[in-house]
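Same order as they appear, the protein sequences are chains A and B.
Note that the first sequence covers residues 1 to 159 in our numbering.
Note that the second sequence covers residues 160 to 707 in our numbering.
Treat the hints as calculated values from the structure; they're not laboratory data.
Please note: incorrect hints may appear among the correct ones.
To be verified - Now the stretches of chain B that chain A is said to cover, found in silico as 3 or more residues with beta-carbon under 8 Å: (1) 169–177; (2) 186–200; (3) 312–325; (4) 389–403.
Cβ coordinates follow ideal geometry from the N, Cα and C atoms, glycine included.
These are the residues of each chain, in order.
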Amino acid sequence: MILLHADGSRTTADLRLLGTEDALTGIAWEAIGPDHPAIDDAPATVGLHLPNDVDVEALATDPTRFAFVVLHFPAFTDGRAYSQARVLRERLGYQGPIVATGELLQDQACYLKRCGFDTFALPDNEAADTLARGFNDFTTAYQATSSAELPAYRRRRAG
Amino acid sequence: MYQYDAIDQTIVDERVRQFRDQTNRYLRGELTEDQYRPLRLQNGLYIQRFAPMLRIAIPYGVLSTRQLRKLADIARTYDRGYGHFTTRQNLQFNWPKLETVPDLLAELASVEMHAIQTSGNCIRNTTSDQYAGVASDELEDPRPYCEIIRQWSSLHPEFAYLPRKFKIAVTASRTDRAAIRVHDIGLHLIENDEGRRGFAVYVGGGLGRTPIIGTRIRDFLEPVDMLSYLEAILRVYNRLGRRDNKYKARIKILVRESGAERFAEWVEAEWAKIRTGSLQLDDEDITRIQAFFQPPAYENLTDSAETDAQATADPAFRNWLQRNVIAHKQPGYRIVTVSLKDPGEAPGDCTAEQMERVAYLADEYGFGEVRTTHEQNLILPDVPHHALHAVWSALAELGLATPNHGMISDMIACPGLDFCSLANAGSIGVAREINDLFSDLDEQYDLGEIKLKMSGCMNGCGHHSVGHIGILGVDKKGEEWYQITLGGSAAEDAALGQRLGASVARDDIAPTIRKIVDTFAELREGEERFFDTVGRLGIDPFRQAVYG
Ligand code: SF4
Numbered sequence: 001m002i003l004l005h006a007d008g009s010r011t012t013a014d015l016r017l018l019g020t021e022d023a024l025t026g027i028a029w030e031a032i033g034p035d036h037p038a039i040d041d042a043p044a045t046v047g048l049h050l051p052n053d054v055d056v057e058a059l060a061t062d063p064t065r066f067a068f069v070v071l072h073f074p075a076f077t078d079g080r081a082y083s084q085a086r087v088l089r090e091r092l093g094y095q096g097p098i099v100a101t102g103e104l105l106q107d108q109a110c111y112l113k114r115c116g117f118d119t120f121a122l123p124d125n126e127a128a129d130t131l132a133r134g135f136n137d138f139t140t141a142y143q144a145t146s147s148a149e150l151p152a153y154r155r156r157r158a159g
Numbered sequence: 160m161y162q163y164d165a166i167d168q169t170i171v172d173e174r175v176r177q178f179r180d181q182t183n184r185y186l187r188g189e190l191t192e193d194q195y196r197p198l199r200l201q202n203g204l205y206i207q208r209f210a211p212m213l214r215i216a217i218p219y220g221v222l223s224t225r226q227l228r229k230l231a232d233i234a235r236t237y238d239r240g241y242g243h244f245t246t247r248q249n250l251q252f253n254w255p256k257l258e259t260v261p262d263l264l265a266e267l268a269s270v271e272m273h274a275i276q277t278s279g280n281c282i283r284n285t286t287s288d289q290y291a292g293v294a295s296d297e298l299e300d301p302r303p304y305c306e307i308i309r310q311w312s313s314l315h316p317e318f319a320y321l322p323r324k325f326k327i328a329v330t331a332s333r334t335d336r337a338a339i340r341v342h343d344i345g346l347h348l349i350e351n352d353e354g355r356r357g358f359a360v361y362v363g364g365g366l367g368r369t370p371i372i373g374t375r376i377r378d379f380l381e382p383v384d385m386l387s388y389l390e391a392i393l394r395v396y397n398r399l400g401r402r403d404n405k406y407k408a409r410i411k412i413l414v415r416e417s418g419a420e421r422f423a424e425w426v427e428a429e430w431a432k433i434r435t436g437s438l439q440l441d442d443e444d445i446t447r448i449q450a451f452f453q454p455p456a457y458e459n460l461t462d463s464a465e466t467d468a469q470a471t472a473d474p475a476f477r478n479w480l481q482r483n484v485i486a487h488k489q490p491g492y493r494i495v496t497v498s499l500k501d502p503g504e505a506p507g508d509c510t511a512e513q514m515e516r517v518a519y520l521a522d523e524y525g526f527g528e529v530r531t532t533h534e535q536n537l538i539l540p541d542v543p544h545h546a547l548h549a550v551w552s553a554l555a556e557l558g559l560a561t562p563n564h565g566m567i568s569d570m571i572a573c574p575g576l577d578f579c580s581l582a583n584a585g586s587i588g589v590a591r592e593i594n595d596l597f598s599d600l601d602e603q604y605d606l607g608e609i610k611l612k613m614s615g616c617m618n619g620c621g622h623h624s625v626g627h628i629g630i631l632g633v634d635k636k637g638e639e640w641y642q643i644t645l646g647g648s649a650a651e652d653a654a655l656g657q658r659l660g661a662s663v664a665r666d667d668i669a670p671t672i673r674k675i676v677d678t679f680a681e682l683r684e685g686e687e688r689f690f691d692t693v694g695r696l697g698i699d700p701f702r703q704a705v706y707g
């Protein structure tokens, strides 16, 4: 599996999303869900994976203490994870990698980045090439999100 | 009107480039039909019964004459010489070729237009009062707020893949000409008891197979808080709206299932967290946009005695003045409805030549601006009173002066079976038959305001459920049948029509409408409107008359 980063660089990694039965093994890019028995004393290297119907602000555990957070797109038309990512980045101030999994199309690349995703889990290099092409679809935007600090109406006033 | 700056132009140009690439990838087989569909829909492109259909955004219904001429050009070059104005104040072309759509979009971008988010499960074109800025009864021009919403909602990264489509309407008059209570969000600019201006916020209205009238969830919202409040509503909806069933995915179902009060609590809780962030507008952000909508250089005019004399002399002109011309904020000016309801044409259709001639009139007798209405007509917003006869003559020559505004023949109808792949039944042919039965204009005037609205299927693009008379096409074993509702309204007295009874066959629909109207004429008290008669008596007398 390829992890594509927002700056275009790549890591070949085995992103592993553990079920509640699976024990931690200590490998890199290993993530547990909020119901995992080890959730409260997971080592600092472990990531958190969340289904897209979870309210990230209502979790029993603090999501920002994990090494990375994985958010999922079961279909690219299901946009719930965009809201999760923005709340995680902009409201909870999470600084670590937010990894997108699931159906990711080139055409979503800008939206994903602007909502705070900076890592994209893809099956192979070809898929990574395709998604990366979408990063530059747009060079500007109206809205302020984690990737643009000021909305267009504020930037206009400054300029 | 609003003028693009570098930010707006870059976004639109980049969107064209992106869509060109998406279309090329699809044509090369790199995108599957399933992958391409939501992408093209976000750009207003449907694959229809006979050809693709492209829906072009006309933000809050305002067009410059330069834009209208470009649309005429496009109609000739890329289509069959005409376009169809829709109930969302947009324009549809029914015959463009898929391969040429990116070029068509590039032409639109050259006149500051686009097709962004005219379809798909995202925030659609914001609609407003067609008389915004010129209406004599408005509190303030709502268009600056619409433009602020347009920018905020365009390519919003978080809300491009909502559970379902999302429509916002804004009005600033007491008379609601924007049908705000049948929108996902309706904003009504009002003045509160302290004399401050702000919005009453309605959510969860909508037509389609489960028509619902929106509920007010906030009595007063400061204009500077408009975007943060909208964002809070959208975020709650994106998170909690149903995605398991397409027919339950609109926000109206979420509001109904959770209860409006509980829904409002969620919104307020979310809003409290973002209210003071960068989404909070400053007065300066608002005045900056308002500067684009300053009144044009009106002359000091008074009404012309000559026009009055022409009206006395010519009953046809007089009829038109009475029906299609209304008061203007500015003395000596009038607002003119350009009727796209010629009895021989499909409601809302407009040829390239008509577009060009209307553009000419708007330049000659106005300030280069034209409006589109959700009733599928056009508006010349600033016609001097002394020029009305000249404008009328020109429009009459073009078949655009049918003096029927607000009358039964000024009906709204979706494209129906003739163009739409979802249709159960035709609407254009039915419209024609009904028009034939009401060809006597004097009779129509006697009948007064009757809003007839017709959709070819449950999706309700023709707003049938809020018609004084609503007609819905249904499929019965492959045949076209029609269901009738009475007593709906999309205005400030918003209500859903009640079903009259069993649906009627294709051959019977026009005569049945005739019977309903005859019954009204018998039962009516004085000058009572159709809607009020139904309100007073209920639908039983009508049911009796139709079904015996
Ligand atoms: S109401 Fe139905 S038939 Fe009419 S345009 Fe909409 S989807 Fe098509």
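Evaluated hints:
Counting residues of the region 169–177 of chain B whose beta-carbon sits less than 8 Å from any beta-carbon of chain A gives 6, enough to reach three: the coverage restraint holds. With a threshold of 8 Å between beta carbons, the proposed coverage of the region 186–200 of chain B by chain A holds, since 3 of its residues qualify and at least three are required. A count of 9 residues in the region 312–325 of chain B with a Cβ less than 8 Å from any Cβ of chain A is obtained; the coverage claim is therefore met, three being the minimum. Counting residues of the region 389–403 of chain B whose beta carbon lies closer than 8 Å to any beta carbon of chain A gives 4, which reaches the threshold of three, so the coverage claim holds.
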